[in-house]
Amino acid sequence: MTAHAFTRSGLRLHREDRQRITLGMLLVLLVCVSFLGLGLGATGIPMTRVLSILASVINGDTAAPTGEALIVLQVRLPRLLLGMLIGAALASSGALMQGLFRNPLADPGLVGVSSGAALAAAATITLGDRFLASLIGALPFGALPAGAFLGGLFTTLGLYLIATRAGRTSIATMLLAGIALGALANALMGLLAYISDDRQLRDLSFWSLGSLSGATWAKVAGVTPFIVPALLAMPFLARGLNALSLGEAEAFHLGFSVQRVKALAIILVSVSVGASVACAGIIGFVGIVVPHILRLLSGPDHRFLLPASALLGAILLITADIIARVIVAPAELPIGILTAAIGAPFFLWLLLRRRGEMML
Amino acid sequence: MSAMIETRGLSYNRGGRSLVRDVSLEIGKGLFTVIAGPNGAGKSTLLRLLSGELSPTDGEVIFNGSPIRAIPSWRLAHARAVMPQASDLSFPFTALEIANLGIEGIGRGLSRSERSSIALEALERADVVHLAHRNYQTLSGGERQRVHFARALAQLKTGRSVEPRQALFLDEPIASLDLKHQLSLLQEARRLAHGGLTVVAVLHDLQLAASICDDLVLINAGEVVACGSASEVLTPSRLRGAFGVRLTLDHWPRFPWSLA
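Listed in order, the protein sequences are those of chains A and B. Mapped onto the working numbering, the consecutive letters of the first sequence carry residue numbers 1 to 360. Mapped onto the working numbering, the consecutive letters of the second sequence carry residue numbers 1 to 260.
Hints were generated in silico from the structure; no laboratory data involved. Quick reminder that beta carbons are idealized off the backbone N, C-alpha and C, glycines included. Please note that a few of the clues may not be correct.
[Said to hold, decoys possible] Sample of chain B residues facing chain A (criterion: CB under 8 Å; computed from the structure):
hint, residue
1, 71
2, 105
3, 155
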């Protein structure tokens, strides 16, 4: 009886408490790096100044803004919010994709969603410039994000159609088809680069490295209606993804509508990745590094993993962005270079650790 | 009318091969039914058809009086649990979290403490409560099977208040278990069958099957060779025909083990 009572009280302690502590710490950390993101950069602004600028906005102070206030409110704040949204979207769609594929190495980049979105964006830059612009004068401002978003959605949908037969999605087919589609998209990107002029080429390379440097309030307003609803919807799939990690048949036995869980996951991933790529280009490895760290910390339960990934993804991308604009100030590095420099060795380390299982 | 599951002319083809052919069966409510047969006979396929996982090419499965394809998955999950052959898992869930998966799908109305006591009781019945916080990926094959048994027990317990007429499907549940746990798992299933649960298990050990089952279905090449009590079904000529083995005793021996 006592042994029984002991196990019973000992149970909760483990993962559920760790999950709560982790979430709390991530929230605190997010607030901290957000303030750093507002203060640090080519022009250093003291924290007290940042706080008073924010306070004057909240109080509805309409006095003419100073130079520092303009930097904080018109440059750094939209950039911070964009980094937060995109980091959260990339990391949690990584977690979602890994749950869907039952493979901790899956990533939106891996199944061609990012590449498809980027290809569509590149096509908009070069071909749109060449053919469309002459017809309608100039390309509208929203053409690029819309193109990238449609490209991501189109790739995901095509992938789904290729891999789904008789109402069931084959994980292996989908992964391999994703690799093939990614390669095809990269080849077409190369072709586009070949036919584009110097200015377009600069745009393209900027795109494929990923950057938050063009952040404006308009961009923030543009991605928010895609990313925020997707982030809010993801946790509703958590139980289904938990069950799915046992296998599709097992998830069905446990009472889940497997096809619905999979279809929703695919839609949410393509919405959030498409919107992210549209705004900031391809920023790799966030989707693979973040969920992995969190699984090591507090376990793989998706009810915890999805919101925690959003938080840590935001923290990671904001931090990377601060580093990107501080280390070579007043110039700045494309953020994709930084995330790849951290993420690629991490990915290799993961592969080495899992080499035994990969032989299957 | 005491059939829990009925099949009529059940057939399943895949890749041009017929895996299950024209199976018409009645599986009695509250009975322990064993499906036996040689490798590749279609035992697991038949089990997956009976549990609603596969749609038959022809014929149908009647579960609790209605066609199983017409029952939505969440309702079916209240009425039956399936213990698969133990598999790999790509994420480091603990044994307790796996058992909880049996409850998460259908037990949303339960309180936190109800859910945790169901999960713990199931882990205890499957003799894995000491592994509750161990990572499933680090467990042995036999321990994994017992964790999945616990998950199935937790699911049945959760669904019982909504649907008291339940079935448990076991696919080679004792394949990697030691002798003690083979006996204790089957006896637990036996005990539940006494309480009204319908148990359908694929087993390879004919002697164990004969000692524990009410009904035995012998299949070969996708067709039912015979069904009935073990002593009726397992005649020397059928054993020779299905398995190519000869019974060297003139009567079916008693099972020599029991739990200490």
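Query - Cut-off 8 Å, beta-carbon criterion: hint that residue 105/B touches chain A - result: 4 Å, holds
Query - Satisfaction of the residue 155/B interface hint, Cβ to chain A closer than 8 Å - result: Holds - the Cβ of residue 155/B comes within 8 Å of chain A, reaching about 7 Å at its closest.
Report task. Answer holds if the nearest beta-carbon of chain A is closer than 8 Å to that of residue 71/B; otherwise answer violated. Result -> With a minimum Cβ separation of about 11 Å from chain A (threshold 8 Å), the hint on residue 71/B is violated.
Hint 1 alone, counting from the list given before, is not met by this structure.
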